[in-house]
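Novice: Just need the whole structure built from these sequences, with the hints factored in.
Residue strings, one per chain:
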Amino acid sequence: MTVLDSPPTTAAAKIFNFPRNAWYVAAWDHEVTAKQPLARTVAGVPLALWRNSDGRAVALADACWHRLAPLSKGKLLGDEIQCPYHGLRYNSAGRCTSMPAQETINPSAVVPSYPVVERYRYVWVWVGDPDLADPDTVPDMHQMDSPDWAGDGETIYAPCNYQLILDNLMDLTHEEFVHSSSIGQDELSEAEFDVSHTDRGVTVTRWMRDIDAPPFWLKNMRDKFPGFTGKVDRWQIIHFEAPSTIRIDVGVAKAGTGAPEGDRSQGVNGFVMNTITPETARTSHYFWAFMRNYRLDSQTITTQLRQGVHGVFGEDEEMLAAQQQAIDANPDHEFYSLNIDAGGMWVRRILDRMLQAEGLPAAAAAAAK
Amino acid sequence: MAVNTQTWWQQGRVAECDDLADGVRRIVLTPDRPVHAAPGTHIDLRLDLDGHRRKRSYSVVRSEDGGRRLTLGVQLAPSSRGGSRHMHGLQAGDVVEMTGPVQSFPLGVGADRYVLVAGGIGITALVAMADTLRRRGADYTLVLAGRSRRVMAYLDHLVETHGDRVRVFVDDEDVRLDVASLVGEIADSAAAARTEMYMCGPIRLMDAIRRAWATHELPGPNLRFETFGSSGAWAAEDFVVHLPQLDRSVRVGKDSSMLDALEDAGVDVMWDCRKGECGICQVKVLDVDGRIDHRDVFLSQPQKETYASLCLCVARAARGGSGSGSADPAAVTLHLP
Ligand SMILES: Cc1cc2nc3c(=O)[nH]c(=O)nc-3n(C[C@H](O)[C@H](O)[C@H](O)COP(=O)(O)OP(=O)(O)OC[C@H]3O[C@@H](n4cnc5c(N)ncnc54)[C@H](O)[C@@H]3O)c2cc1C
Ligand code: FES
Ligand code: FES
Ligand SMILES: [Fe+2]
Numbered sequence: 001m002t003v004l005d006s007p008p009t010t011a012a013a014k015i016f017n018f019p020r021n022a023w024y025v026a027a028w029d030h031e032v033t034a035k036q037p038l039a040r041t042v043a044g045v046p047l048a049l050w051r052n053s054d055g056r057a058v059a060l061a062d063a064c065w066h067r068l069a070p071l072s073k074g075k076l077l078g079d080e081i082q083c084p085y086h087g088l089r090y091n092s093a094g095r096c097t098s099m100p101a102q103e104t105i106n107p108s109a110v111v112p113s114y115p116v117v118e119r120y121r122y123v124w125v126w127v128g129d130p131d132l133a134d135p136d137t138v139p140d141m142h143q144m145d146s147p148d149w150a151g152d153g154e155t156i157y158a159p160c161n162y163q164l165i166l167d168n169l170m171d172l173t174h175e176e177f178v179h180s181s182s183i184g185q186d187e188l189s190e191a192e193f194d195v196s197h198t199d200r201g202v203t204v205t206r207w208m209r210d211i212d213a214p215p216f217w218l219k220n221m222r223d224k225f226p227g228f229t230g231k232v233d234r235w236q237i238i239h240f241e242a243p244s245t246i247r248i249d250v251g252v253a254k255a256g257t258g259a260p261e262g263d264r265s266q267g268v269n270g271f272v273m274n275t276i277t278p279e280t281a282r283t284s285h286y287f288w289a290f291m292r293n294y295r296l297d298s299q300t301i302t303t304q305l306r307q308g309v310h311g312v313f314g315e316d317e318e319m320l321a322a323q324q325q326a327i328d329a330n331p332d333h334e335f336y337s338l339n340i341d342a343g344g345m346w347v348r349r350i351l352d353r354m355l356q357a358e359g360l361p362a363a364a365a366a367a368a369k
Numbered sequence: 001m002a003v004n005t006q007t008w009w010q011q012g013r014v015a016e017c018d019d020l021a022d023g024v025r026r027i028v029l030t031p032d033r034p035v036h037a038a039p040g041t042h043i044d045l046r047l048d049l050d051g052h053r054r055k056r057s058y059s060v061v062r063s064e065d066g067g068r069r070l071t072l073g074v075q076l077a078p079s080s081r082g083g084s085r086h087m088h089g090l091q092a093g094d095v096v097e098m099t100g101p102v103q104s105f106p107l108g109v110g111a112d113r114y115v116l117v118a119g120g121i122g123i124t125a126l127v128a129m130a131d132t133l134r135r136r137g138a139d140y141t142l143v144l145a146g147r148s149r150r151v152m153a154y155l156d157h158l159v160e161t162h163g164d165r166v167r168v169f170v171d172d173e174d175v176r177l178d179v180a181s182l183v184g185e186i187a188d189s190a191a192a193a194r195t196e197m198y199m200c201g202p203i204r205l206m207d208a209i210r211r212a213w214a215t216h217e218l219p220g221p222n223l224r225f226e227t228f229g230s231s232g233a234w235a236a237e238d239f240v241v242h243l244p245q246l247d248r249s250v251r252v253g254k255d256s257s258m259l260d261a262l263e264d265a266g267v268d269v270m271w272d273c274r275k276g277e278c279g280i281c282q283v284k285v286l287d288v289d290g291r292i293d294h295r296d297v298f299l300s301q302p303q304k305e306t307y308a309s310l311c312l313c314v315a316r317a318a319r320g321g322s323g324s325g326s327a328d329p330a331a332v333t334l335h336l337p
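Those protein sequence lines, which keep their order, are chains G and D. Read in full-length UniProt numbering, the first sequence has 106 at position 106, and its numbers run on one by one without any break. Read in full-length UniProt numbering, the second sequence has 238 at position 238, and its numbers run on one by one without any break.
Just so you know, the hints here were simulated from the structure itself, not pulled from any lab data. Think of the CB as a built atom: it goes at the ideal place given N, C-alpha and C, for glycine as much as any other residue. You may find that some hints are simply not true.
[Said to hold, decoys possible] Pairwise CB distance ranges (calculated): (1) G:G311 with D:E217: 50 to 60 Å; (2) G:D332 with D:G266: 53 to 63 Å; (3) G:K35 with D:R251: 57 to 67 Å; (4) G:A365 with D:G93: 29 to 39 Å; (5) G:A365 with D:A92: 34 to 44 Å; (6) G:P331 with D:S300: 52 to 62 Å; (7) G:A39 with D:A193: 25 to 35 Å; (8) D:W271 with G:A365: 30 to 40 Å.
Specialist: Rendered as structure tokens:
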């Protein structure tokens, strides 16, 4: 519970703005190399990403000081990047180190360099005020590289506003309708759920007891307990951390073996790791992985789970793209909320407060920028 | 570190002004369209000087309340063409034409150590940087050099705020800044290659630091500077520009720049930064009677010594110390593009 200074707004913006003063994942660690720069736009800021010879990841604005040609199309020369157009070179701090055809360097020749932290198999960048960039505020995704967990994931290039993806993940009753062949089941929309929140986080908890395991979970149970049949207790505990990371603690255990009370030994547990990076108001990079804490050494299971979730998330992607198109095609229609949107609405409230603190409106500018 | 090099014009109102030090005014502006001014930014003002609209730049000493209050520190220039005199005449309530914050001197992130060097009024460009570095908990040193304590703006405030991190050098107390040892100390330190220096001050101080920096082979890009674009090796004198292609000669008064004088005479010349950085206004020198006071940072030292070309926006011809007894003004003969 928080005591309010002023009444909160409803924050029902359809195209949600994104905070700048936050860590966002720019790329998987393996995407950023010392061989060639990677172009990626994070929270509206085009970046050129690469690695120095000491392995440190670097993020510079992807526009040359001179005539704004994209540096990401340039060459890496040692620890410097060379503009592809007229050959200006910059070091990892964004300072120009060489100008062709003159003996000096214009003292104002510099491109912005952004704070970077590498953590949990991702390269995180901060495109807001660099003086507020505190590495301790990188969202917790420790399952990604913990020895107690195994798994892998992918990136979805989603043609929609990032907040639509957060909505999607904060309410999993959609599984019943969107993912009926894999993880959906009727009990999802019937089960009660709890919502709680802090200043930077929201948790939605749902337990379904004594139900049949849907196909995805039956397979996982049999990976751990060969030949398993029977009823299960199923859980989904959604953890949101601002601005756009959602970890979902999911699993099933043999019914009545005490999982809701804390004994998960008779079950299988996974964490669906999601972190969404707004690219523009209408496009997002959606980084996900599925991590499990059983049969850690089986690459087969890692691959099967990645492929399985890939299929499930493909269904979401289609829905999200269609939703964004419908939103854009119906500009005068509003959003309405259902009881199932409580988690998503708390997320909006937190994001709205972050935006207010930066003096930004909750609704992104109308143009597709 | 958003590099904002785009200029847009707006109106600003003078909220407050008072004296900071001898000959230095503090002027607080409240702009129409407030934007936070990051450390290192300046604003341009369009001033009416003797019937001409002239642009003058002033560093933002402090940006408060998201840029709703911008503080400037303006020194009255000894033989002012009017810019600083005009600024000193401003009163609370006056309206000025100004740009939003322009960034050409951004403070980097991630260096192991920062050394800020201010000569005289150059401190205005470094106050906000020092505050930011202190807030970041960075390792930094602030070096202040001036002619006398009376004219050094913000001296007490800075010593109070930054304590041991400040080193003060005052000419009339005979505690002079020794550039060689300052730079030598950096070169000998473990963090040498990851130390960034930010300097703003008289051209002679900055030239000396640049030379020492090069001698010690410290990384060139780590030496950052802002040029206030007006100080030279010799005091400004009247001089003459001969333009054989146009069969004309133009006289440049000591209170005008060569670029301004040529434009006022209707000569079409190309320029961009007007502060001796970009080299766009560079022209060939055919002959010199006297010396060239280059005042730019575009040409290298060896290039300057050849007298082959100069930057119209800042360079001057001068008799300098030597021929100052001569009655004839110095002259340059230029080849225009
Ligand atoms: C980015 C930037 C930031 C600045 N920040 C500040 C600041 O914070 N505070 C501040 O006080 N000033 C600052 N300046 C300097 C300021 O813009 C003016 O140049 C200064 O106020 C003098 O203007 P003026 O019209 O009064 O004098 P000017 O007529 O420009 O004369 C100033 C001095 O330069 C000599 N001079 C005259 N004409 C020329 C010429 N053509 N070329 C070279 N020298 C000449 C004069 O003899 C005199 O000593 C800054 C300049 C720049 C470019
Ligand atoms: S645009 Fe990069 S060097 Fe010209
Ligand atoms: S106009 Fe840029 S150096 Fe003269
Ligand atoms: Fe889904």
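Novice: None of the hints should be skipped; say for each whether it holds.
Specialist: Taking the hints in turn, this is what the structure says about them:
1. G:G311 with D:E217: 50 to 60 Å: The hint (50 to 60 Å, Cβ to Cβ) holds, given that G311 of chain G and E217 of chain D are roughly 59 Å apart.
2. G:D332 with D:G266: 53 to 63 Å: Given a distance of about 58 Å, which is inside 53 to 63 Å, the answer is holds.
3. G:K35 with D:R251: 57 to 67 Å: 60 Å, holds
4. G:A365 with D:G93: 29 to 39 Å: Check passed, 35 Å falls within 29 to 39 Å.
5. G:A365 with D:A92: 34 to 44 Å: 37 Å, holds
6. G:P331 with D:S300: 52 to 62 Å: Check passed, 58 Å falls within 52 to 62 Å.
7. G:A39 with D:A193: 25 to 35 Å: 29 Å, holds
8. D:W271 with G:A365: 30 to 40 Å: Once the Cβ atoms are compared, 35 Å apart, the range 30 to 40 Å for A365 of chain G and W271 of chain D holds.
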